[in-house]
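**Student:** Residues per chain are reported as follows:
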Amino acid sequence: MAIETEISPKPLTKSDFESDQEVRWCPGCGDYAILAQVQRTLPDMGIPKEKYVFVSGIGCSSRFPYYMNTYGFHTIHGRAPAFATGIKVANPDLSVWVISGDGDSLSIGGNHFIHAIRRNIDIKYLLFNNRIYGLTKGQYSPTSEIGKITKSTPMGSLEHPFNPLAVALGAGASFVARTLDRDPKAMVEVLKAAGQHRGTAFIEIYQNCIIFNDGAFTQLTEKETKLDNTILLEHGKPLVYGKNKDKGIKLDGFKPVSVSLTDGKHSVNDLLIHDVKSKDPVLAFIYSQMTEDPTLPTPVGVFRAVENNCYDQDVKTQIAFSKEKMGKGNLKDLLHKGDTWIVS
Amino acid sequence: MAVESVLNLEEVTIRLAGDSGDGMQLVGTELTNTSALFGNDVGTLPDYPAEIRAPAGTLAGVSGFQLHIGSFDIHTPGDEVDVLVAMNPAALKANIKALKPNGVLIVNAESFDEKGLKLAAYTANPLEDGSLSGYQLFRVEMSSHTKAALRETGLDFKSMERCKNFFALGMIFWLFNRPMEYTIKFIEDKFSKKPLLAQANILALKGGFAYCEATEAFVNKYEINPAKLAPGKYRNLGGNEAIGLGFVAAAQKAGLELFLGSYPITPASDILHTMAKFKNFGVKTFQAEDEIAAVAASIGAAYAGDIAVTTTSGPGMCLKSEAINLAIMTELPLVIVDVQRAGPSTGLPTKTEQADLLQALYGRNGESPIPIIAASRPADCFEVAYEAIRIAIRYMTPVIVLSDGYIGNGAEPWLIPEVEQLPAINVDRHINKDQFYPYQRTEDTLTRPWAIPGMAGLEHRIGGLEKKNIMGTVNYEPENHEYMCRIRAEKVHRIANEFGPTEISGADSGDLLVLGWGGTYGAIRTAVEHCMKKGMKVSRVHLRWINPLPNDLGDILKRFKHVLIPEINLGQLSKVIRSEYLIDAIGLNKISGLPFNSKEIENKIEAILGGSNGHRN
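Just so you know, the sequences run in chain order G and S.
If you want our numbering, it's the 1-based position in the first sequence plus 81.
If you want our numbering, it's the 1-based position in the second sequence plus 542.
Derived by calculation from the structure, the hints in this document are not laboratory data.
On a predicted model such as this, the values are computed, not experimentally measured, just so you know.
Any given hint might turn out to be false.
Unchecked claim - Some but not every residue of chain S turned toward chain G, in silico, with C-beta under 8 Å:
(1) M722
(2) Y776
(3) Q829
(4) A830
(5) D832
(6) G842
(7) A846
(8) G847
(9) E864
(10) L1007
(11) K1010
(12) G1014
Said to hold, decoys possible - Result set (DSSO-like, lysine-lysine): computed pairs, CA atoms no more than 27 Å apart in a straight line:
(13) S/K770 x G/K418
(14) G/K406 x S/K819
(15) S/K975 x G/K91
(16) G/K406 x S/K1010
(17) G/K413 x S/K819
(18) S/K775 x G/K413
(19) G/K130 x S/K1010
(20) S/K732 x G/K404
(21) S/K975 x G/K418
(22) S/K821 x G/K409
(23) G/K418 x S/K795
(24) S/K819 x G/K397
(25) G/K406 x S/K795
(26) G/K413 x S/K795
By construction, the Cβ of each residue, glycine as well, lies at the ideal position given by its N, Cα and C atoms.
Let the hints inform the model, and build the full structure from the sequences given.
**Tutor:** Here it is, written out as structure tokens:
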């Protein structure tokens, strides 16, 4: 069925995406920054406003759709990717964005998270990772570190955390990226890249929970420590980082190691060159593991962006093919199919 | 040729039983189709084990198919079995109780060897110890005869042996004077890529027929005249298939695409299988990662403008509850099918029950009213599925369709409806942009507008948090929540205004009203008709909608001295009726995984009415 649309008459601005609802996150919450960057990025995507749908699960982050002046659906805990799948399959013409948190995506919604990625449905998936449960007031989450002391783990958490990017890559993600709530410029770049990707675009956003896990990412976001503790992945460029761009990452076997570019032993030619389009996910997986190593910087930016079949498009194609092959379905013929007899 | 007497029967019930690898469901279905095409009315009861493959020859592996053939309008798969075919000792042991005294018993005699008897836990051979003297026993060496018939094919012995189900079917065809042509065509189609197997099965079928013709084994041959059904064009239709057809028909009439989100579960999977073939009708079938994803994706599709359905059975229904509540809160059209099976938990996955009624009514958090429509027989599933979609869209609400394993797997002749005469399903998307609010309501039906993503100027947010009426914004005011709870209930209540007067079979007042719902239809109808013939003042009402209940039901119930409610559960509708109307309804409850026999209901009616006509059966 044709859906009534019209081209928005004038170029869109950030304010076109701001709803009339008062934003209610704790003062200082990282969610504000993410909301602002999303609202800032969407006008540049060239998509009419009415084609955006924001779908969320449950949690602090999942209030997000109420604050966007687009179509929005605040659903049930952990299942946002499943709702988004139905929306996108029903109408592949829509730009569907999933907003979720670490508990929502990786705990209760782990199953739907991996299956959306496996099917490569053309949705944008923003995972706000603050490594804590905010809305239920401070329990450990599937990304909390071992030993985390919280209300539900007074003697420390015993569970191994998930590495969200590794989980996504393991499920076959065609696009994965990471960004930080306190780095608006980099976030806009990553959001744009995700918006242009056809397929499931997964972005992990490190986000500060000022109430229950304040400072979890300080090393990665504060001016003094940031440049030595993060490394920006840029397509086609060597992996250089540090305040003075004086360090780099090279591969020792399968193991990434940090080397100095000033001690005369290594030059930029020894470093890994980032390739977001590599068909082989191994390098992206190695980058994802760098997060676990305290001697290495945390990669941010786009890890991987490869073209692959999208489920929603394939459904559409199969239906079109079926109509071509069998002819457009005729209800009368269908009801009268098979052996029939007449009683007079 | 043997000269046999031909007995004309009004009805006959045949049960074919064998090991689950013996192909009993296949030949049972063929016998059904042939009988339906011959013009008889038919009712079926497939009964197969839950195990994919229990050890061959054991009681756990017995698979049966019961078929009731009538020369009149019949309503059940038959109370007692006239003819039992037992392919092995286990099948005999599991089914002999159902056979009428002096009924025809055909056994595959060769399987009653030491090994077969041991597997079925027989201490003595029942063919020899006189325990079957109350039946007309026919021992047939089916394996040898089948092999003899297939000698020229060059097949190996094992493959030949596997054709003996068609040998048995050939015998039944002779015995009941059925034409073989439909089955021969079926075999040719089924094995079109394996011509040798096609030839073998046809030879086996003809072999069974010829065996009866030649051996004078049987004294009688039977004839069942075509039934006098309402005029029109018919086809044989199974319940699950009928649901699929009903959905496609509704989507076509509404001019929308259809989305089915489902996760495989017995006995509902066949709806998914049926609909997966309808891609050229714009049907999108989504096999989700689990039940929750299935219903969630369907709600997403409904939100985005498709006709959305999700299908499942009892345990899957439990998993869907939270998402169903979201559909209630967001007031989106969605149809949820529950093909009920015996529970709780995994229960008896292949056996029938109607014990999910209270779950459907109340199995969610909060005040969460939902319309519930119940199918009463296989062909009825078409109308029920269609009507569920019509109401879901007209009232912007999820609707639960209750079917059950007995209806879903059963089949019967279906009077094919005229496409033009199917009720209209109107989707109104002419929404005034200047005055749009997501929860503004139409006056009569209290329906909110179905604005969908992609429509410019109507951008809005919905979700599971309570919404302010009309505005649709998140709202925590106590008065608003109370108002919204009441308005959601009132919306469902108003659906009853669509129903015509409740149809009462029999007088509109009397000694006893038998009130039924769902798959008990046939057994209740047969029982009540028998009692009416005996002069009892009994009437019958079969509910289609269970929520809301018909507006006139309370008055009807009060016009009868007694109300009897037979159910395949421990009294779920009874609870509802008692609390709703404060009447002392009597329950007749069975919970054995099997449908009612009409006799069971007849006996209860007579017991209530004090054994009218001086006797009780």
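**Student:** Could you run down the list of hints and mark each one as holding or not?
**Tutor:** These are the hints, each one checked on the structure:
For S/M722, the shortest C-beta to C-beta distance to chain G is roughly 14 Å, which exceeds 8 Å, and the interface hint is violated. Because the smallest distance between the Cβ of S/Y776 and any Cβ of chain G comes to about 5 Å, under 8 Å, the interface hint for this residue holds. With a least beta-carbon distance of about 11 Å to chain G, the hint placing S/Q829 at the interface is violated under the 8 Å criterion. With its C-beta approaching chain G no nearer than about 7 Å, S/A830 sits inside the 8 Å limit, and its interface hint holds.
Hint on S/D832 holds. Least Cβ distance to chain G is approximately 6 Å, under the 8 Å limit. For S/G842, the suggested interface contact is upheld, since its CB lies about 3 Å from the closest CB of chain G, less than 8 Å. With its C-beta approaching chain G no nearer than about 4 Å, S/A846 sits inside the 8 Å limit, and its interface hint holds. Among the interface hints, the one on S/G847 holds; its C-beta lies about 6 Å from the nearest C-beta in chain G, closer than the 8 Å criterion.
With its C-beta approaching chain G no nearer than about 5 Å, S/E864 sits inside the 8 Å limit, and its interface hint holds. With its C-beta approaching chain G no nearer than about 7 Å, S/L1007 sits inside the 8 Å limit, and its interface hint holds. Hint status for S/K1010 relative to chain G: violated, with the closest Cβ pair at about 11 Å, above 8 Å. The beta carbon of S/G1014 comes no nearer than 11 Å to any beta carbon in chain G, farther than 8 Å, and the hint placing it at the interface is violated.
Restraint check for S/K770 and G/K418: satisfied, since their Cα atoms lie roughly 23 Å apart, inside the 27 Å limit. Restraint check for G/K406 and S/K819: satisfied, since their Cα atoms lie roughly 13 Å apart, inside the 27 Å limit. As the CA atoms of S/K975 and G/K91 are separated by approximately 18 Å, the hinted pair is consistent with the 27 Å bound. Under the criterion of a C-alpha separation no larger than 27 Å, the hint pairing G/K406 with S/K1010 is inconsistent with the structure, at around 49 Å.
Restraint check: the Cα-Cα separation between G/K413 and S/K819 comes to about 16 Å, which is no more than 27 Å; the hinted pair holds. Pair hint S/K775 plus G/K413 holds up; C-alpha atoms about 12 Å apart against a cutoff of 27 Å. Taking the CA atoms of G/K130 and S/K1010, the gap is near 24 Å; set against the 27 Å cutoff, the hint holds. The suggested pairing of S/K732 with G/K404 holds, with an alpha-carbon distance near 25 Å, which does not exceed 27 Å.
Using a Cα cut-off of 27 Å, the hinted pair S/K975 and G/K418 is violated, with the two alpha carbons roughly 44 Å apart. For the proposed pair S/K821 and G/K409, the alpha carbon gap of about 9 Å is at most 27 Å, so the pair holds. Proposed proximity of G/K418 and S/K795 is supported: the alpha carbons are some 18 Å apart, at most 27 Å. The hinted pair formed by S/K819 and G/K397 meets the criterion: a straight-line CA distance of about 15 Å does not exceed 27 Å.
Note on G/K406 and S/K795: the hinted pairing holds, with a Cα-Cα distance of about 23 Å set against a maximum of 27 Å. Note on G/K413 and S/K795: the hinted pairing holds, with a Cα-Cα distance of about 11 Å set against a maximum of 27 Å.
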